[in-house]
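Enquirer: Those sequence lines, one after another, are chains A, B, C and D. Start counting the first sequence at 1; every next residue gets the next number (the working numbering). Start counting the second sequence at 1; every next residue gets the next number (the working numbering). Start counting the third sequence at 1; every next residue gets the next number (the working numbering). Start counting the fourth sequence at 1; every next residue gets the next number (the working numbering).
In case anyone wonders, no lab produced these hints; they're calculated from the structure. Where a beta carbon is used, it is the ideal one built from N, C-alpha and C, also for glycine. A couple of the hints might just be wrong.
[Claimed, not checked] Pairs of lysine-lysine residues, derived as PhoX-like cross-links and limited to a Cα-Cα distance of at most 25 Å, are as follows:
hint: 1; chain 1: B; residue 1: Lys86; chain 2: A; residue 2: Lys605
hint: 2; chain 1: D; residue 1: Lys182; chain 2: B; residue 2: Lys86
hint: 3; chain 1: A; residue 1: Lys160; chain 2: A; residue 2: Lys111
hint: 4; chain 1: C; residue 1: Lys296; chain 2: C; residue 2: Lys437
hint: 5; chain 1: A; residue 1: Lys556; chain 2: C; residue 2: Lys296
hint: 6; chain 1: C; residue 1: Lys429; chain 2: A; residue 2: Lys160
hint: 7; chain 1: A; residue 1: Lys27; chain 2: A; residue 2: Lys160
hint: 8; chain 1: A; residue 1: Lys556; chain 2: C; residue 2: Lys429
hint: 9; chain 1: A; residue 1: Lys111; chain 2: C; residue 2: Lys429
hint: 10; chain 1: C; residue 1: Lys296; chain 2: A; residue 2: Lys160
hint: 11; chain 1: C; residue 1: Lys437; chain 2: C; residue 2: Lys25
hint: 12; chain 1: A; residue 1: Lys367; chain 2: A; residue 2: Lys515
hint: 13; chain 1: C; residue 1: Lys448; chain 2: C; residue 2: Lys106
hint: 14; chain 1: C; residue 1: Lys437; chain 2: A; residue 2: Lys111
hint: 15; chain 1: C; residue 1: Lys25; chain 2: C; residue 2: Lys106
hint: 16; chain 1: C; residue 1: Lys448; chain 2: A; residue 2: Lys572
hint: 17; chain 1: A; residue 1: Lys556; chain 2: C; residue 2: Lys428
[Said to hold, decoys possible] Using C-beta positions, here's what the derived DEER-type ranges look like:
hint: 18; chain 1: C; residue 1: Phe206; chain 2: A; residue 2: Trp190; range: 30 to 36 Å
hint: 19; chain 1: A; residue 1: Asn590; chain 2: C; residue 2: Asp104; range: 34 to 40 Å
hint: 20; chain 1: B; residue 1: Leu5; chain 2: A; residue 2: Gly580; range: 53 to 59 Å
hint: 21; chain 1: C; residue 1: Glu473; chain 2: A; residue 2: Trp190; range: 21 to 27 Å
hint: 22; chain 1: A; residue 1: Asn590; chain 2: C; residue 2: Leu163; range: 16 to 22 Å
hint: 23; chain 1: C; residue 1: Lys437; chain 2: A; residue 2: Phe511; range: 35 to 41 Å
hint: 24; chain 1: A; residue 1: Trp190; chain 2: C; residue 2: Phe11; range: 44 to 50 Å
hint: 25; chain 1: A; residue 1: Tyr586; chain 2: D; residue 2: Gly49; range: 39 to 45 Å
hint: 26; chain 1: C; residue 1: Lys437; chain 2: A; residue 2: Asn590; range: 44 to 50 Å
hint: 27; chain 1: D; residue 1: Leu9; chain 2: B; residue 2: Leu5; range: 15 to 21 Å
hint: 28; chain 1: A; residue 1: Glu271; chain 2: C; residue 2: Ser405; range: 28 to 34 Å
hint: 29; chain 1: A; residue 1: Asp300; chain 2: C; residue 2: Glu473; range: 51 to 57 Å
hint: 30; chain 1: A; residue 1: Asp579; chain 2: B; residue 2: Leu5; range: 54 to 60 Å
hint: 31; chain 1: C; residue 1: Val171; chain 2: A; residue 2: Ala210; range: 44 to 50 Å
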Amino acid sequence: MELFLYTALFSPLVGSLFAALFGASPKTKIAGIVPSALLGVSLISSTILLILVFTTGHTLHVEMMTWMATGDLYIPFGFVVDQVSVVMMMVVTLVSTVVHVYAVGYMDHDKGFNRFFSYLSAFVFSMMILVMSDNFAGLFIGWEGVGLCSWLLIGFWYHKESASWAANEAFIMNRIADLGMLIGIFLVYWNTGTLQYDGAFAAMPSLDTATLTWIGIFLFIGAMGKSAQFPLHTWLADAMEGPTPVSALIHAATMVTAGVYLVVRSSPLYELIPNVGLFIASLGAFVALFAASMALVNRDMKRVIAYSTLSQLGYMFAAAGLGAYWVALFHLMAHAFFKALLFLGAGNVMHAMHDELDPFKMGGLGKVMKGTFVMMTVASVALAGIFPLAGFFSKDLILEVAFVNHHYVIYAVLLFTAALTAFYSFRLVALIFHGEERYKLFGIHPHEAYKFMLVAMSPLLLLAVIAGAFKAGYFDMVTQLLPDTEYHVHSAATYWIMTIGTQLLVGFAIFYAYKKYTRRDIKVPDGTSKMENSFAYKLLINQYYIPYFYEEYIVKAYRELSEIFWTKIDQKIVDGTVDGIANILYKTGNTTRVMQSGNLSTMLKWMVAGTVALLSLAVVFGLAARYSGEIKSILSGLGV
Amino acid sequence: MEIGLNHYLVLSTILFAIGLVGVMRRKNLLMLFFATEILLNSVNISFAAISHYYGDLTGQMFAFFVIAIAASEVAVGLGLLIVWHKKHNNIDLDNMSSMRG
Amino acid sequence: MLDHILSILIFFPALAAILGFVVNKNSIRSYGVAVATVEFLLALWLWFAFDSNVSGMQFMEQIALVPAFGINYIVGVDGISLFIIILAAFFTMIGIASLGEMKDIKNLIITLLFLQMTMVGVFVALDAIVFYLFWELSLVPMLYIIGAWGGPLRIYASVKFFLYTFTGSLVMLVGMLFMAYFYHQATGDWSFALLDWYRLILPESFQNWLFVAFFFGFAIKVPMFPFHTWLPYAHGQAPTIGSVILAAILLKMGTYAFIRFSLPLFPDASVYFMYPIAVLAIIMIIYTAMVAYAQKDIKQVVAYSSVSHMGVIILGTFALNVEGITGSIFLMIAHGVVSGALFFLVGVIYDRRHTKLMSEFGGLASVMPRYATIFGIMLMASVGLPLTINFVGEFLSLLGFYKQSHILTLLAGTAIIVGAIYMLSAYKKMFFGVVTKDENRNLPDVNKKELFALIPLTVITIWLGVYPKPLLEPINKSVEGIVTLMHEKSISEEAKLRIPNINKDMGLITKSSGEAH
Amino acid sequence: MFEAIAFYLFAFLTIAMFYVAVTTSQALYALSALAAGMIFISAFFFILGADFLGAVQIVVYSGAVMALYAFGMMFFDTTREVKEKQGNKAIVIGLSSLAALMVVVIVAAPIVGNNIEAIYPMTEGVGNTQEVGMILFTKYLVPFEVAAVMLLVAMIAGIVLAGKKMDLSLTLMNDTDLMTMKEEDKKVHP
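Build out the structure end to end from the sequences listed, making use of the hints.
Expert: This is how it looks when you write it as structure tokens:
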């Protein structure tokens, strides 16, 4: 069994190194095929492990080698395959295989083809480490590795200034959260003596709640950065600069969910500190609403989908915060499938429209791009949470959790956001695929993506539809590790009212979006219409002016402060004092040179002055020596 | 009114002060030499006085040697002065500053 | 042969240097490489023969120099100093091998070999006066390297470097003499041997004063916050090889001396001064990182970045527990490798364009892909990405210091953020974007000679990041020795509390690590 | 009683003479005042019982040194009075008076221990000159000889420096000057 574990883990690394060999040379097909194949192998070995864990129920725990061993600290490269990590492995490997195959088609005109695949496989490798590691330090390795690969991939088209800027922003913002994570890890080590999950979680109940709350908060700060929660969310929208397969893999399915995985993985800790859980849930609900509102008005197709990811992440954190870890994980899985599908569909549309992103400039593409149209509609329906598809089973479950735990405020917010989600996802679909062919005005003639790209997307389509069915089997497996609280509304009546109600609400939102955006007279908004100058619209289009605030008051302030530090303090003060001392010595030398002016009389005067000084000293000390007794008494009187 | 050692010492201090004034004030080197003579003599007086009041001849010994030194100093000093005079035909102190620091 | 290996390690390069005068000009380069390689092999042999589960000194040698005052030539190596010696030998070898075209290269190679002698000497000397001797001698070759082969402002930079460090070490010398005097008072006979001094327990007030005296000498060398202004000038004007050796090895003398001298000799003073020095270290980290961000010249960015990393090292040293000190020693070696490599890289681009201003470059990634990848790896290492060598050091140092104070570590932790900011913005200015200047259009990529230096450094950065055990084990063993010594020697109550008692927890160690297997 | 009168008289006279020597602008007045001052100082010596010293003072100082100065003065054209660029007087007067004050304070307040005992005690009844002779040639023989040598050196220096022709140092002159000098010598005494 260990063989499968190691293949699942290291095949992406092998694929990445293989592709890296061709790094500098121009596009070679092999550099794309081999990593995808290796990822297929990793997918197969993960499914075998899933079947093993699902059927027999016992987990794998293997230690490859020691990493750091000093004093009491002992950190091995240990890997564990238990219920939670096998689910994550499945999600990661499946989505990345699909994205790899898709990317072979998507990137074939790009001269950095080989480099792209080495970075993408490296990303999957670090994600696998993050998911499979058995201790916090291993998690941190994956954490930073994923951050590095996202920096490489966002900044893939480095000749674009905005791409490299977005890459740096993403990396630095993740770094800020990683500091919180690091402090959390230190707290865990110094309080429980070990960083292994099992050892640490076993020792945690004995700690006092104050330290536990601190550990919970710091670990959550780490999760916040990676999953782009409220204060650190601006990087996710800018990360759309990267190629679409990257957004599909990293900023929809895997990396952003790492934060949720962390919270789910440290569920024993968050069980002990419910108030932190409540904070996480309320922040999650807030972010859900916050992101959904921004998605309503955005005019860039990929950013709308990015904001919907952010909003769904809010849902997951809400569920995890309320203690329903298995629900959060389930929603994570389901969301990964249909969101990746949505992104890949968007990729097809982008290619067809020669990298044009504004949905208002498209329209009526449904006739031309039949396959993508079907896939994106099904994905949006799943996202909205209509009955048979995956979204219903995971998202509505979260609403139930909120309702059962009597957090009606969170329930209301999440319900309203569900409606918003339905509205903006179908606003997108309507604008792109229905209505009048506005693209003709811009002289673009779109064409459907390659056949094998659509085939590659089909597993995601299938899963988006049937993922809900796994709920039962998934539930028995995962709850062996996570707390298995059942969420049943006491009376069947309220249950039915609730579900039917949400379905109607969502249906109505979809219908309204369709009616509004498939009208004939839609034209590209050019800032004149009344709606655009309304305060709300301006607030939302500028993302509540948060990026402006960050740029103005943090980035610019930091730059000016460092400029001051350098020019003023470092050169003037610190260096100044050093050179000042040197100058003082030099100047005193100069002034005293006057004494030896060669003129005998002045020199004699100085001589006599010297003797007078010495004589006066003699007098003073003589007197002091003689009357020392009296002087001491006077001084002590003065209290010296 | 008994003349004590202090009187002599006060006297030699006054003379010494006058010598100092001379040394510092004079711009003419020859006059400067005169002033140094005064300094030396004032010291001699104190030597003699101390040797007298402490009944010890060492003071006088020193006085002799001081006189000997003074004599040779004047000899050499005047010689140099003459040589300087031949070269610059003035013995003004202010333009003798070739030994500037 | 084996028990005199340390003296050979010290004096072999010196003799070779003297012989170097005889070697004629055009074969001096191969002569230099040969000597450096032999030295490196000797160092490897030392590592091979080094027994890593002995915490005390190995390969000790003792020759009486001035018996009257107990000054004798004592040398010994333990886990702490072993790897810095190997690093010094390694860097001299790859430095000489990858020397570009320099004027009168013969004298340069001879000076480098002399520098090699002094470097090894500092790290093996166990007698205060011999240590001081090598400590001063190491300034002279560096003075020539910067002064003769440096940039336009070289005289100012080299004189400033020399005088600054020199005054610091004078204060240190006074400290040493006082220490010897106290030793004489306490035990009646004169001795400058460090191991005798370890057994001397001084009252607190003396410890504080002596600590301050030693602190000035070491702080200027590290360089710590207020005394760091010589470093940017020294790096700015030094030739590539000078900067590499200065950054990789010479900066480590200060921090090594803290661990070898200040901590064990004055445990109570170290505890007493822990917070002020920690605050200084934090200022060092954040302040110099921000200054690095404001720099226009890539070499200054790297110079200030090394000051920032030294801040983390100082923090680790003054964590006064095994994890912290081991982390700081490991970070010394890590910083040596990474900043050495970074200065090589800056040298590579300087040889091609003879300018270090970042505004001159842009879009180099497309012009020089191999150079960009190596620079990227080194950038990630210097920012402290896990699985690179720097992360292990930084992680352990910050972890160690966390036990002493939570808030200060949180502040020091911002090192990883501010570090990322200035390194990434420098990388973006140089490598990303479109090629604007046409001189950059056809710059040749990294050639074989430069790769000879860079590839081993990259391999070490990754290898020691993934598998640091071979280094961590001996360091850990020797540090445990020092920490137990400090714990027993410390008088004040607070010191007993701050410095962990290793052998009491011995039971705990076996239990927790056993159970974790 | 007599001694006090003599002391004050001579003291006043000496101070007056030296004051004149220092402040006059006429070189001649300065020289003569100085010589007179010397005489009065020798008078002090006699009062203090150091007869031999007084004699020596008169002979050497007033005689030889003053004579030397007289010759020296004739050499320099000091007939017209000497213009003195007066530096600011305040410093000069201030400094010297301060110095004098300091010394007086030190002497007056017996800070200096007064337990000096005589090394070579004066024995009563024996003539001062005899005693001086005895001590000079027994205890202070070496310094005496050294003083003699010093005087010899000073004499030779005086001659060499002040000699007419001798200031042209032979080593510094170049060959041509040497040749011309030789011809002149031949002409003067063939």
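Enquirer: Does each hint hold? Answer for all of them.
Expert: So, going through the hints one by one against the coordinates:
1. At most 25 Å may separate the alpha-carbon atoms for a hinted pair to count; Lys86(B) and Lys605(A) exceed this at roughly 28 Å.
2. At most 25 Å may separate the alpha-carbon atoms for a hinted pair to count; Lys182(D) and Lys86(B) meet this at roughly 22 Å.
3. Under the criterion of a C-alpha separation no larger than 25 Å, the hint pairing Lys160(A) with Lys111(A) is consistent with the structure, at around 15 Å.
4. Pair hint Lys296(C) plus Lys437(C) holds up; C-alpha atoms about 17 Å apart against a cutoff of 25 Å.
5. Simply put, Lys556(A) and Lys296(C) have alpha-carbon atoms about 17 Å apart, close enough for the 25 Å limit, and the pair holds.
6. At most 25 Å may separate the alpha-carbon atoms for a hinted pair to count; Lys429(C) and Lys160(A) meet this at roughly 12 Å.
7. Straight-line distance between C-alpha atoms of Lys27(A) and Lys160(A) comes to about 20 Å, which keeps the hinted pair within the 25 Å bound.
8. Between the alpha carbons of Lys556(A) and Lys429(C) the distance comes to roughly 17 Å, so the proposed pair stays at or under 25 Å and holds.
9. Proposed proximity of Lys111(A) and Lys429(C) is supported: the alpha carbons are some 22 Å apart, at most 25 Å.
10. With a CA separation close to 22 Å, the supplied pair Lys296(C) and Lys160(A) stays within the 25 Å bound.
11. Only pairs whose Cα atoms come within 25 Å are accepted, and Lys437(C) paired with Lys25(C) is rejected, the gap being roughly 38 Å.
12. Distance restraint check for Lys367(A) and Lys515(A): the Cα-Cα separation of roughly 19 Å lies within the 25 Å cut-off, and the hinted pair is therefore satisfied.
13. Between Lys448(C) and Lys106(C) the alpha-carbon distance is near 22 Å, which keeps this suggested pair within the 25 Å criterion.
14. With a CA separation close to 22 Å, the supplied pair Lys437(C) and Lys111(A) stays within the 25 Å bound.
15. Between Lys25(C) and Lys106(C) the alpha-carbon distance is near 6 Å, which keeps this suggested pair within the 25 Å criterion.
16. For the proposed pair Lys448(C) and Lys572(A), the alpha carbon gap of about 43 Å is over 25 Å, so the pair is violated.
17. Annotation: proposed proximity of Lys556(A) to Lys428(C) holds, straight-line Cα distance about 17 Å (limit 25 Å).
18. The given range of 30 to 36 Å is respected by Phe206(C) and Trp190(A), whose C-beta atoms sit roughly 33 Å from each other.
19. Remark: the range hint 34 to 40 Å for Asn590(A) to Asp104(C) is upheld by a beta-carbon distance near 37 Å.
20. Between Leu5(B) and Gly580(A) the beta carbon distance is about 55 Å. The supplied range of 53 to 59 Å therefore holds.
21. Distance hint for Glu473(C) and Trp190(A): a CB-CB separation of about 23 Å, consistent with the stated range 21 to 27 Å.
22. For the pair Asn590(A) and Leu163(C), the supplied restraint of 16 to 22 Å holds, since their beta-carbon distance comes to about 19 Å.
23. For the pair Lys437(C) and Phe511(A), the beta carbons lie near 58 Å from each other, so the given range of 35 to 41 Å is not met.
24. Between Trp190(A) and Phe11(C) the beta carbon distance is about 46 Å. The supplied range of 44 to 50 Å therefore holds.
25. In this structure, Tyr586(A) and Gly49(D) break the distance hint of 39 to 45 Å, their C-beta atoms being roughly 60 Å apart.
26. Taken as a hint, the range 44 to 50 Å holds for the pair Lys437(C) and Asn590(A), whose Cβ atoms sit roughly 47 Å apart.
27. A hinted range of 15 to 21 Å for the beta carbons of Leu9(D) and Leu5(B) is consistent with their spacing of about 19 Å.
28. Between Glu271(A) and Ser405(C) the CB atoms are about 30 Å apart, so this pair conforms to the stated range of 28 to 34 Å.
29. Judged by the Cβ atoms, the range 51 to 57 Å given for Asp300(A) and Glu473(C) holds: they are separated by roughly 54 Å.
30. Distance hint for Asp579(A) and Leu5(B): a CB-CB separation of about 59 Å, consistent with the stated range 54 to 60 Å.
31. A C-beta distance of roughly 45 Å is found between Val171(C) and Ala210(A), which places it inside the suggested range of 44 to 50 Å.
Hint compliance for this structure: hints 1, 11, 16, 23, 25 are not met, and every other hint is.
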